[in-house]
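Participant: Here is how the chains run, residue by residue.
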Amino acid sequence: MYAQMVKTGVDHIQSKEEMSPEERAFQERVDADIKIEPKEWMPEAYRKTLIRQISQHAHSEIIGMQPEGNWITRAPTLERKAILLAKVQDEAGHGLYLYCAAETLGVSRDELLEQLNNGKAKYSSIFNYPTLTWADIGAIGWLVDGAAIMNQVPLQRCSYGPYSRAMIRICKEESFHQRQGYDALTKLAQGTPEQKQMAQDALNRWWWPSLMMFGPSDAESVHSAQSMRWKIKINSNDELRQKFVDQTVPQAEYLGLTVPDPDLKWNAERGHYDFGEINWDEFYQVIAGNGPCNRQRLRTRVKAYEEGQWVRDAADAYAAKKAARAKAKAA
Amino acid sequence: MAGQDALFEYLLRLGDNALILGHRLSEWCGHSPALEEDLALSNVALDLIGQTQLWLNLAGEVEGKGRNADKLAYLRDARDFRNVLLVEQPNGDFAVTMARQFYFDAWHYLLLRELTGSTDSRIAEIAAKALKEVTYHLERSQEWVLRLGDGTEESHRRMQEAIDDLWVYTGELFDADAVDAAIIRDGLGPDPASLRDLWLGLVRATAEEATLSLPQPGWAQKGGKQGLHSEHLGYILADLQFLQRAYPNATW
Numbered sequence: 001m002y003a004q005m006v007k008t009g010v011d012h013i014q015s016k017e018e019m020s021p022e023e024r025a026f027q028e029r030v031d032a033d034i035k036i037e038p039k040e041w042m043p044e045a046y047r048k049t050l051i052r053q054i055s056q057h058a059h060s061e062i063i064g065m066q067p068e069g070n071w072i073t074r075a076p077t078l079e080r081k082a083i084l085l086a087k088v089q090d091e092a093g094h095g096l097y098l099y100c101a102a103e104t105l106g107v108s109r110d111e112l113l114e115q116l117n118n119g120k121a122k123y124s125s126i127f128n129y130p131t132l133t134w135a136d137i138g139a140i141g142w143l144v145d146g147a148a149i150m151n152q153v154p155l156q157r158c159s160y161g162p163y164s165r166a167m168i169r170i171c172k173e174e175s176f177h178q179r180q181g182y183d184a185l186t187k188l189a190q191g192t193p194e195q196k197q198m199a200q201d202a203l204n205r206w207w208w209p210s211l212m213m214f215g216p217s218d219a220e221s222v223h224s225a226q227s228m229r230w231k232i233k234i235n236s237n238d239e240l241r242q243k244f245v246d247q248t249v250p251q252a253e254y255l256g257l258t259v260p261d262p263d264l265k266w267n268a269e270r271g272h273y274d275f276g277e278i279n280w281d282e283f284y285q286v287i288a289g290n291g292p293c294n295r296q297r298l299r300t301r302v303k304a305y306e307e308g309q310w311v312r313d314a315a316d317a318y319a320a321k322k323a324a325r326a327k328a329k330a331a
Numbered sequence: 001m002a003g004q005d006a007l008f009e010y011l012l013r014l015g016d017n018a019l020i021l022g023h024r025l026s027e028w029c030g031h032s033p034a035l036e037e038d039l040a041l042s043n044v045a046l047d048l049i050g051q052t053q054l055w056l057n058l059a060g061e062v063e064g065k066g067r068n069a070d071k072l073a074y075l076r077d078a079r080d081f082r083n084v085l086l087v088e089q090p091n092g093d094f095a096v097t098m099a100r101q102f103y104f105d106a107w108h109y110l111l112l113r114e115l116t117g118s119t120d121s122r123i124a125e126i127a128a129k130a131l132k133e134v135t136y137h138l139e140r141s142q143e144w145v146l147r148l149g150d151g152t153e154e155s156h157r158r159m160q161e162a163i164d165d166l167w168v169y170t171g172e173l174f175d176a177d178a179v180d181a182a183i184i185r186d187g188l189g190p191d192p193a194s195l196r197d198l199w200l201g202l203v204r205a206t207a208e209e210a211t212l213s214l215p216q217p218g219w220a221q222k223g224g225k226q227g228l229h230s231e232h233l234g235y236i237l238a239d240l241q242f243l244q245r246a247y248p249n250a251t252w
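Chains A and P are the protein sequences, given in the same order.
Under the numbering used here, think of the first position of the first sequence as 1, with each following residue one higher.
Under the numbering used here, think of the first position of the second sequence as 1, with each following residue one higher.
For reference, chain A alone in the conformation it holds in the complex:
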């Protein structure tokens, strides 16, 4: 759920009777779990929603390179440095697959990057938080990638073929990332008192933003219902959040760390953990651009893009010259 609160542009869910014959045929294919491929007919709202969702996911991967990249040059051992660099590199790769998946819907990578750079497109709220210590790198792998996997595993079955296939590749790598993060944090939790303190502090700071990643409750949302009907969203935000809490609390206990929620307790009747109220004011502020790092993240991205323009221009110019020479030679 590197994509949060994706709008569908619809105001109600159409009944079968309201649908055109094409729309009905499309919905029947989706209902029968037949994948939709790029050249096939699809409702305009489906196409637009997918572009929003996939590009938001892609942007999150790209912006997500920054908080972790922040520690590449300071990783504590050669092995940790290699693992972290490979992980951030994977995120660039995920961004690429996802931009490619979005391109099959008729929008170019440049257009999408333009939307990111001018602040029109959103990316996940989580990447607007800073990585202050090495433990944050472990916490991101464990919690942030863990939360992302919760959402992305079901999306492997989503209705749009290219998105589903991108998710299958991405999930394999994400689960590796999560294990690495947990492993790095285990080392700290079992380390010196200072290291353990560092790990606890990271959990304190990343826990709530991780729960916010799933987005506000969408039980009543028409967009969410429509996305589920189209099978580009499989579970509700609350379902996924609960699943994440249930999975993560025992892992924290195993590490000997305390989840920073006084209301957290096992509810035997529900068979789930109950947990405290999320600060949605903070979430909406971060989404609106007022998180600790929003401006910094965007500025860094724009700078890289602008400073790279002459390089991309040179590559294009060289390729054109080369092609012209080959043509002249052949003539």
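The reader is advised that the hints may include incorrect statements.
Unchecked claim - Pairs of lysine-lysine residues, derived as DSSO-like cross-links and limited to a Cα-Cα distance of at most 27 Å, are as follows:
1) A:Lys172 x A:Lys35
2) P:Lys71 x A:Lys187
3) P:Lys71 x A:Lys196
4) A:Lys243 x A:Lys231
5) A:Lys39 x A:Lys231
6) A:Lys303 x A:Lys327
7) A:Lys187 x P:Lys65
Quick caveat, the hints were computed from the structure, so don't treat them as lab data.
Keeping the supplied structure of chain A fixed, place chain P upon it in accordance with the hints.
Facilitator: Just chain P now, with coordinates in the frame of chain A:
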């Protein structure tokens, strides 16, 4: 110079070159001109970090004082680093990074090719593995020199400037000292001077195709191999070694 001491020094040079250049390249991750370059630069950096581990672990073994690659990378001060000055130069713009890479790759490739024939099988094995990776590094940096040199007016200007600015650091690559003399004597590695003409040929041919001109051979900045560095290295180490220095004896 005694064989073991020279070998230790020599292995530090190989390992430190890879370590410092890998570090510099890793600084690009997330900031490069295109996603494809984030991937490619990271690949090269990862290869170099892997080579660092092999060379520095072997250095520690030869030294016999219980230091492994991490101890050598994270717990020496600048004066004990043995990399050439070229690799510690700041990234600058993409042209500077690629010029630095091309100068280094061309030399690295020629050196490793010779080291695959080292009388020390441990050196020959590492060199053979590294050579495969560096062959690809050289192909890539060569291509970028061509693209930027023969791309647009702006890219040409920037590439020419980078080629000129870094030239002064290339002389060190071919400079032999007592360590090299002992290495040559024991058949462990080549005479650095013997690589110069091959390197110059390779670099000149690429520069010409890229419509760039090479500076005249002249004064060379050197000292890195003996531990006399530029101001830049201290900042690299401040980043690299921060956690190991701030939390002594912790494991990560």
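Participant: Identify every previously stated hint that the structure contradicts and give their numbers, smallest first.
Facilitator: 6
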